[in-house]
Amino acid sequence: MTTVLTPPSRRVRPNRPGTPARRRPPLVTGAVALLLLLLALLGPQAAPHSPTAQLAAPFQQPGGEFLLGTDVLGRDVASRVLSGGRGIVLTALAGTAAAGAVGLTAGVLAAMVSRRLGDLLVRCVDALAVLPALLVVLVLAAGFPGSAAALVAAVALATAPFSTRVLRAAADPVLSSGYVEAAVARGDTRRAVLRHDVLPNIAGPALTDTALRLVASLHLTATAGFLGLGPGGAEPDWGRMVSENAPGATLAVAPFLAPALLLVLLSVCVGLLAGRLADTVGRGAA
Amino acid sequence: MNLLAFAVRRLAGAAVLLVLLSAAVFAATAVLPGDAVSAVAGVDASAAQRAEVRADLGLDRPAAERYAAWAADALRGDLGRGFVGERPVADVLATRLPNSLLLAELTLAVTAPLAALLGLWTGMRGGGADRVVSASAQILAAVPEFVVAALLVAVLAVWLEVLPRVSVIPLGGTPLDVPHALVLPVLTLSTVGLAVATRLLRASVADTAATPYCEAARLNGVRGVRLAVRHITPNAAGPAVQALTLTTGALVGSAVVVENVFDYPGIGRELQLAVAARDVPMVQGIATALVAVMLAVLLLGDICARLLGAREEHGR
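Line order of the protein sequences matches chains A and B. Letter 6 of the first sequence, counting from 1, is numbered 6 in full-length UniProt numbering, and no numbers are missing. Letter 175 of the second sequence, counting from 1, is numbered 175 in full-length UniProt numbering, and no numbers are missing.
Same shape as in the complex, but just chain A (with noise of 0.2 Å):
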């Protein structure tokens, strides 16, 4: 009866033979990608110039009074390095604090109502899913022209469905588990049972998948700042300042470089933290 009782996320599982039972915490991982959003959201009070003001010849080589040199257009590069995270950050973080809250909703009641009722809502989302994203955020952008919100809304838009997906299959198996039945049987109401027996056990795989979703939140907001979608004008962004640097890559490779190199390490150590964490709660649970 105790077996039937104890929530599935806390059930012991053995270790599958050959992977190392534990592995030392990602700490320089963990530490290069704080310093990155920190740099990304504090980098503006810490520009030297106005990221916007042009204030020399353009292409200016690094050294000097610009410490990174200027851009295409003789605007400070460091400034604009410092001030050009912030919107990615955000705008991802925002994307997929909005898909994480549709997914957990939606995979919830997918997994609480009839299960014929379920898999229809799995099959609309699963119909979203065929999108590419990239598409769905270029077909906003071109209904919602230069809007920071339709941006959110396309990012979380285009990663929601997977989500879904996950969070159902995360909550199917607490919601028929004797834990619950017997929750139910003593007369909980189904806000209670949500609460302490149905998001405790799911708060795991909810995470994960939220990891996993801020990764191609980041990927897809700087891939649309490269493509001059969002919020347009001067303001700086590291991916748009690759797309407007590229052709004068010949003459200077900072202004260019610079974001690239930003943005590799932001996706990898993001990457990495995600995956580590996926291995662990996934060696944990179910």
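Don't read these hints as lab results, they were simulated from the structure. One or more of the hints may lead you astray.
To be verified - Covered by chain A, per the in silico footprint, the following chain B stretches (three or more residues, Cβ under 8 Å):
| no. | segment |
| --- | --- |
| 1 | 10-22 |
| 2 | 102-116 |
| 3 | 227-233 |
| 4 | 249-255 |
| 5 | 269-278 |
| 6 | 283-296 |
Stated by the list, open to error - Using C-beta positions, here's what the derived DEER-type ranges look like:
| no. | chain 1 | residue 1 | chain 2 | residue 2 | range |
| --- | --- | --- | --- | --- | --- |
| 7 | B | Ala129 | A | Gly178 | 38 to 46 Å |
| 8 | A | Val184 | B | Arg230 | 50 to 58 Å |
| 9 | B | Pro88 | A | Gly146 | 27 to 35 Å |
| 10 | A | Arg186 | B | Arg218 | 28 to 36 Å |
| 11 | B | Leu75 | A | Pro231 | 34 to 42 Å |
| 12 | B | Leu246 | A | Leu120 | 15 to 23 Å |
| 13 | B | Val222 | A | Leu42 | 55 to 63 Å |
| 14 | B | Ala94 | A | Glu181 | 36 to 44 Å |
| 15 | B | Ala47 | A | Val113 | 49 to 57 Å |
| 16 | A | Pro231 | B | Asp56 | 24 to 32 Å |
Think of the CB as a built atom: it goes at the ideal place given N, C-alpha and C, for glycine as much as any other residue.
Mind docking chain B on chain A? Use the hints.
For chain B alone, kept in the frame of chain A given last:
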């Protein structure tokens, strides 16, 4: 016979999905008539001019009616004309889509054998090489395509100066007339595709290699290439193909980006230009065509996976 019924059922499903998704695309782009009018009439047009343009474009009719008219025309192969330059959307599709498909074919030709080899090798062996390849694939898959492209440009076109930075295709020619212009786009797409495909294939191979019958074959002294070809490939291929088709959406997105990086005259470049110019009919037509291509690939993938699965049952 069974397969035919399966294919027909899937085809019907895909057709329904295409109608729904094209309606979604239409709704996302056409519910705000103001922007389409501004795009054609100019921002500082008078109210009378705007009303005239609105009537010209048929934007004074309800959206559902416009969608019905558009869909009926689309069925006859007429996707309307773009606002910019009055080009027929179907013509643009006919000239640009083959270029993009060429890019996809070349990428597939480079990626598929390499990914199969790497996936089999790492999935069967495990150990240090597996960790290195898997970690590199994970890192590469996380990096946005345009960054990969920019770094390749920095090294190969700017620093070493061995390849052209943009893919300039002569007017009226095909990309095959200037093969060196194709190298960087295909290289970028292959790098990204290889990272994704290797991870999926490795997972499928590792699952198969851990099954009891592979263990039995190994205990019988079947090893190396023979084990890979006779025992693992036939059983790992089905799930792998299914997983790979699911990444087509990502590949379409990558192709759009890569075409823009290198100014390659494909459908993705055209779509981005149309989005930048607020050319609504063009966006609708291209987006719907891309969704149709996606659905066709998914359908083919499903049928392939079923064929591969069926062969396994016959063989055993």
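Hints and how they fare:
no.	hint	verdict
1	10-22	holds (count 3)
2	102-116	violated (count 0)
3	227-233	violated (count 0)
4	249-255	holds (count 4)
5	269-278	holds (count 6)
6	283-296	holds (count 6)
7	B/Ala129 with A/Gly178: 38 to 46 Å	holds, 45 Å
8	A/Val184 with B/Arg230: 50 to 58 Å	holds, 52 Å
9	B/Pro88 with A/Gly146: 27 to 35 Å	holds, 28 Å
10	A/Arg186 with B/Arg218: 28 to 36 Å	violated, 52 Å
11	B/Leu75 with A/Pro231: 34 to 42 Å	holds, 38 Å
12	B/Leu246 with A/Leu120: 15 to 23 Å	holds, 21 Å
13	B/Val222 with A/Leu42: 55 to 63 Å	holds, 59 Å
14	B/Ala94 with A/Glu181: 36 to 44 Å	violated, 60 Å
15	B/Ala47 with A/Val113: 49 to 57 Å	holds, 50 Å
16	A/Pro231 with B/Asp56: 24 to 32 Å	holds, 31 Å
In this structure, the hints that do not hold are numbers 2, 3, 10, 14, in rising order.
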